[in-house]
Amino acid sequence: MKRTSVSLILAVLFLFITQVLTAQVLISAKDFTAEKKKDKTMVVIDANTADNYAKSHVIGAVNVPHKELYTEDKIEGLIQSPQNLAAYFGKKGISNTSNIVIYDDGSNKYSCRVYWVLDYLGAENLRILHKDMDKWKAARVPLTRNKTAAKAATFTANVNSAIIATAADVLGCSANCVLVDSRHFSEYDGTSEKPVSAGHIKGAINVEYKEFLDDKGAFKSADELKAVAEKHGLTSGKTIILYCQTSVRATPSFVALKEILGYPNVKVYDGAYNEWEAQGNAMEK
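Heads up, the sequence shown is in the numbering used here, so the first residue is 153 and it goes up one at a time.
One or more of the hints may lead you astray.
[To be verified] The calculated lysine-lysine pairs, modelled on DSS-like cross-linking and capped at a C-alpha distance of 27 Å, are:
| no. | residue 1 | residue 2 |
| --- | --- | --- |
| 1 | Lys192 | Lys287 |
| 2 | Lys243 | Lys189 |
| 3 | Lys182 | Lys287 |
| 4 | Lys192 | Lys244 |
| 5 | Lys299 | Lys243 |
| 6 | Lys437 | Lys346 |
| 7 | Lys346 | Lys219 |
| 8 | Lys189 | Lys287 |
| 9 | Lys303 | Lys188 |
| 10 | Lys243 | Lys303 |
| 11 | Lys368 | Lys287 |
| 12 | Lys219 | Lys207 |
| 13 | Lys188 | Lys207 |
| 14 | Lys372 | Lys287 |
| 15 | Lys243 | Lys226 |
| 16 | Lys219 | Lys243 |
| 17 | Lys226 | Lys437 |
| 18 | Lys287 | Lys188 |
| 19 | Lys354 | Lys383 |
| 20 | Lys207 | Lys192 |
| 21 | Lys226 | Lys346 |
| 22 | Lys372 | Lys182 |
| 23 | Lys390 | Lys354 |
| 24 | Lys207 | Lys182 |
| 25 | Lys368 | Lys188 |
| 26 | Lys383 | Lys368 |
| 27 | Lys243 | Lys188 |
| 28 | Lys299 | Lys207 |
| 29 | Lys437 | Lys362 |
| 30 | Lys244 | Lys303 |
[To be verified] Here are the simulated distance ranges between beta carbons:
| no. | residue 1 | residue 2 | range |
| --- | --- | --- | --- |
| 31 | Ala305 | Ala327 | 37 to 45 Å |
| 32 | Lys182 | Asp257 | 15 to 23 Å |
| 33 | Thr343 | Ala206 | 31 to 39 Å |
| 34 | Thr296 | Gly432 | 43 to 51 Å |
| 35 | Lys354 | Ala379 | 21 to 29 Å |
| 36 | Gly432 | Ala202 | 31 to 39 Å |
If you are wondering where the hints come from, they were derived from the structure by calculation, not from laboratory data. A virtual CB, placed ideally from N, CA and C, is assigned to each residue, including glycine.
All chains, full assembly: derive it from the sequences and hints.
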């Protein structure tokens with residue numbers, strides 16, 4: 153009887169916590185529109201390409217294409233130093249204390265990538281505009297083609313090293329640690345021709361990031377996310393290291409596990425497949 157009561161309490165507590173976390177990280181189009189009218193200091197980030205931004209974007213949004221955050225290293229997708237990134241965001245009118253809302257083309261890949269980079273830099277108030285075009289239309293989110301003139305701000309980086317993994321961390325991932333390949337299965341098993349893939353990092357399991365999204369590209373409910381995670385053996389007591397080709401597709405999985413489900417030890421291997429292969433480390437199919 154006591155065990156049943158404890159289990160019930162824990163289940164209710166988990167549901168409450170995940171609902172709170174979901175409310176914190178995701179904002180609906182309706183709530184976004186209402187809050188934006190009241191909070192004139194809100195910083196809205198359009199994480200799409202410059203071309204897509206030019207076609208149409210939320211009024212007042214600044215454009216932060218994810219590719220502008222990377223080094224010019226031959227290994228594609230490595231983020232710049234915290235100092236350089238802080239300067240970049242400052243020029244965009246974004247500070248580490250800004251009330252920031254990020255959106256993209258509906259894939260959640262780019263908004264989550266920018267979210268993760270800002271989280272890594274220690275931005276204090278981050279949310280993702282939950283993308284569902286039907287709800288956007290219903291909420292009448294105001295759009296424009298006019299570029300936003302950003303007023304420079306000061307971004308002070310406070311690096312959150314707990315959410316980034318290195319190649320050494322991947323090599324050391326063994327007991328109670330799960331390495332997750334967030335790419336499509338054809339890339340994971342080495343049969344993909346575009347992009348060409350030699351397989352996956354040895355020991356990694358495959359959980360494509362799309363498993364955490366519904367058919368409209370929006371995040372599934374907390375209960376559904378938990379079911380997906382546990383189906384693959386991903387539980388809150390484990391350290392989870394995520395990667396893909398360039399760590400763009402790994403970030404929706406990060407948001408699902410870390411921010412919505414509240415798993416405490418979730419990291420993104422920023423070097424990803426590209427760095428691992430370039431270093432000549434072990435791969436398998």
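Next on the checklist: Run the distance test for Lys189 versus Lys287: straight-line Cα separation, threshold 27 Å.
Outcome noted: 18 Å, holds
Checklist entry - Is it true that the CA of Lys188 sits at most 27 Å from the CA of Lys207? => result 21 Å, holds
Checklist entry - Holds or violated: Lys287 with Lys188, Cα cutoff 27 Å? => result Judged against 27 Å, a Cα distance of about 16 Å means the pair holds.
Next on the checklist: Tell me if the straight-line CA distance from Lys299 to Lys207 falls inside 27 Å.
Outcome noted: This hinted pair holds, its Cα atoms lying about 10 Å apart.
Next on the checklist: Run the distance test for Lys219 versus Lys207: straight-line Cα separation, threshold 27 Å.
Outcome noted: 19 Å, holds
Item to check | Satisfaction of hint between Lys192 and Lys207, Cα-Cα up to 27 Å | outcome: 24 Å, holds
Checklist entry - Does Lys303 lie within 27 Å of Lys243 when you go C-alpha to C-alpha? => result Holds. Lys243 to Lys303 sits at ~7 Å (cutoff 27 Å).
Checklist entry - Does the structure keep Lys372 and Lys182 at a Cα separation of 27 Å or less? => result Satisfied, since the Cα-Cα distance of roughly 18 Å is no more than 27 Å.
Checklist entry - Given the hinted pair Lys226 and Lys437, is their alpha-carbon gap at most 27 Å? => result 25 Å, holds
Checklist entry - CA of Lys368 to CA of Lys287, is that 27 Å or under? => result Given pair Lys368, Lys287 holds - Cα atoms ~11 Å apart, limit 27 Å.
Item to check | Ala327 and Ala305 - C-beta distance against the hinted 37 to 45 Å | outcome: Since Ala305 and Ala327 have Cβ atoms about 44 Å apart, the given range 37 to 45 Å holds.
Item to check | Holds or violated: Lys192 to Lys287, with C-alpha atoms at most 27 Å apart | outcome: 22 Å, holds
This entry satisfies every hint, going by the numbered hints stated previously.
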